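Same order as they appear, the protein sequences are chains X and S. Heads up, the first sequence is in the numbering used here, so the first residue is 1 and it goes up one at a time. Heads up, the second sequence is in the numbering used here, so the first residue is 1 and it goes up one at a time.
Any given hint might turn out to be false.
Which copy is meant is left open, because identical chains are indistinguishable; a pair holds if it fits in one copy or across any two.
Claimed, not checked - Using 16 Å as the maximum straight-line C-alpha spacing, the simulated EDC-like pairs for lysine to aspartate or glutamate come out as follows:
id	residue 1	residue 2
1	Lys314	Glu333
2	Lys69	Glu53
3	Lys254	Glu228
4	Lys52	Asp71
5	Lys189	Glu216
6	Lys203	Asp111
7	Lys203	Glu139
8	Lys337	Glu183
9	Lys46	Asp17
10	Lys314	Glu332
11	Lys337	Asp308
Treat the hints as calculated values from the structure; they're not laboratory data. Quick caveat: nothing in here was measured; it's all calculated off a predicted structure.
There are 2 protein chains.
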Amino acid sequence: MSKQGSLSAMNAVTIKDVASAAGVSVATASRVLSGHPATSPASRTKVESAAKELGFMPNAQARSLRSTKTDSIALLISDLRNPYFSDLAHAVEQHARTAGLMTFIGNANEDAAQQDDFLATMLSRRVDGLVIVPQGLNEESNQPSEMMNRVLSSGIPTIFVDRALPGVQVPAITANSAQALDEAVATLKSLGHQNIAFVGGPKHASTALERYSAFETALANNGLVGDEALHFVGDFQPASGALAAQWLLENPAKPSAVIIADAPMSIGALRVWRELGVRVGADLSVTTFDEVDAMLIHDPPIATIGHDLSQMGKMAVQALREVMAGQKPEPEELISKFTLRPSVAPAKATQVMEGKVRP
Amino acid sequence: MSKQGSLSAMNAVTIKDVASAAGVSVATASRVLSGHPATSPASRTKVESAAKELGFMPNAQARSLRSTKTDSIALLISDLRNPYFSDLAHAVEQHARTAGLMTFIGNANEDAAQQDDFLATMLSRRVDGLVIVPQGLNEESNQPSEMMNRVLSSGIPTIFVDRALPGVQVPAITANSAQALDEAVATLKSLGHQNIAFVGGPKHASTALERYSAFETALANNGLVGDEALHFVGDFQPASGALAAQWLLENPAKPSAVIIADAPMSIGALRVWRELGVRVGADLSVTTFDEVDAMLIHDPPIATIGHDLSQMGKMAVQALREVMAGQKPEPEELISKFTLRPSVAPAKATQVMEGKVRP
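Looking at chain X on its own, in the form it has when it is part of the complex (with noise of 0.2 Å):
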């Protein structure tokens, strides 16, 4: 595979840079940054200053130099503890193993400053590639993050996977939950479901603003009114599900069906309910995106949204290849699929939610 690596400008700090603020010869700069022996104590602490002070990567400019490959690359997801992700991270690096490419794998916490810190390394460190869950565009600016933008630039093979930025031309493989959602909205109206919450996700992330709009969609499609009483914003996080529990159980309008847009959430909702002896498809029809374990020995099972996870990694690590080999991939999509199971039931003519919350 070649490399069509370029530096951005901002990044073309060179040897000769490095030389020149530390007051030593290039030779002796060069020395240095590659270990030989004969370097003296002074002008190493020079040059090491020097070249940390502006930022000098041996690396990119090994890379521009179409030099070594690393067989090695880095993928940075958005939560460790998210089933989902940690079940998509094994995918990656396993499909990358067959690949013959080492994987490294870094957490952003839901954070874009945590996934800042991690592309910043990244831009000094030498991988062929990265493969990238984004935690989306800045919220006052609507950009990308000066640091995604300078690893953009940096001429390092990226791909985007499970969430995508908008405007930005990379490319992602995503899942889509049009078709899912809509046959989960047909099948709860069909047992008689009416309002029909929404747990969704945070703003900065694309799959919730995708998530929510595909729900809005299906209720117009099946002739169900959206309410915006009946969404609840949380953070694909337990503790947002718990919260997001306690919230449906007082809602006026007392939805008889939830849709929860991640397992996380779905967790720390379903110990919510199971303490306060709610029964969930006897007394509130559960949905969760993301077919995880957890869901599958839950009694009664969870009914999910969710595509093929190994499918994702191995789409992942192909595109990711494909852009390493100086080739577009386009952008694709995975189809989700709407799983019905016993958390799914028909709803009662009075429901009884009321009196299951605490006082």
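Assemble the complex: chain X is given as a structure, and chain S must be docked to it using the hints.
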């Protein structure tokens, strides 16, 4: 923090060796390896081939010169999809972040070959330290793998977490389950259980050996007789838990209670029991290692043996920083806790397990 890194004999390939093998001067080799622009394509090819052939490690060399701190560490966990390890990785990563260290996570996938591939990559890349969940001794030689030995003699500051290697002098943060198992077995006995099955892990994992040994001691302490026919040797992954679930139902000794040595095996087993209509608690008392979310949303909630993973992550980062500072921290043990939950119930006078087995 100063570094006390030293190079082992087997890693001591110098830039002179590379130059000699490439048939170029040391100055030329140095220029190529530092990314100096004044190099010819021919010499680049020769030097890079020679460096690769010889396993030249400029980074390790640079480390021995006490030069650049990278402010990054690598963490090798044994199974990314095991929620215990993703929770532990999150804890290590977040505590490292607080200490100003970026974490790169690798996945051994419960496989010694995958562990060794990751370690090989670490030998040639610059990290300030390594936190490893080791895969155990080589089954034939009863020694650490060659790659593990190379890492341990490379001078890269290294600690073990969760698991250790017998006879290998590396600071380790582990958990001790003796007390918790004693309490679990005493509780089961007081509820009338006599035949307690144990679903254990693979012998390459020190945790699997520690847990089974502590279980046998707990039986003896409580006046119960161990029975090898009640011991299932699994592999810490869900499919072996599913096999164990069937094995238990078909076991002639008709165990009325079971202790399972990790969460993924429990997830595999619980799914089988639910599908076969076995009522956890009423029909079979279940206790599992690892207090992960899936065990708490299960109905009934599952009794667990576990320890504080945030604390384990914190202790691991602390120990690694001590090694990085040239100190020799003592091994430390967390004491696991038994938490009784409704998955454990009184044994019935007559077990009703028969008839629940698939034909």
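> Which hints, by number, does the structure contradict?
Replying inline: none
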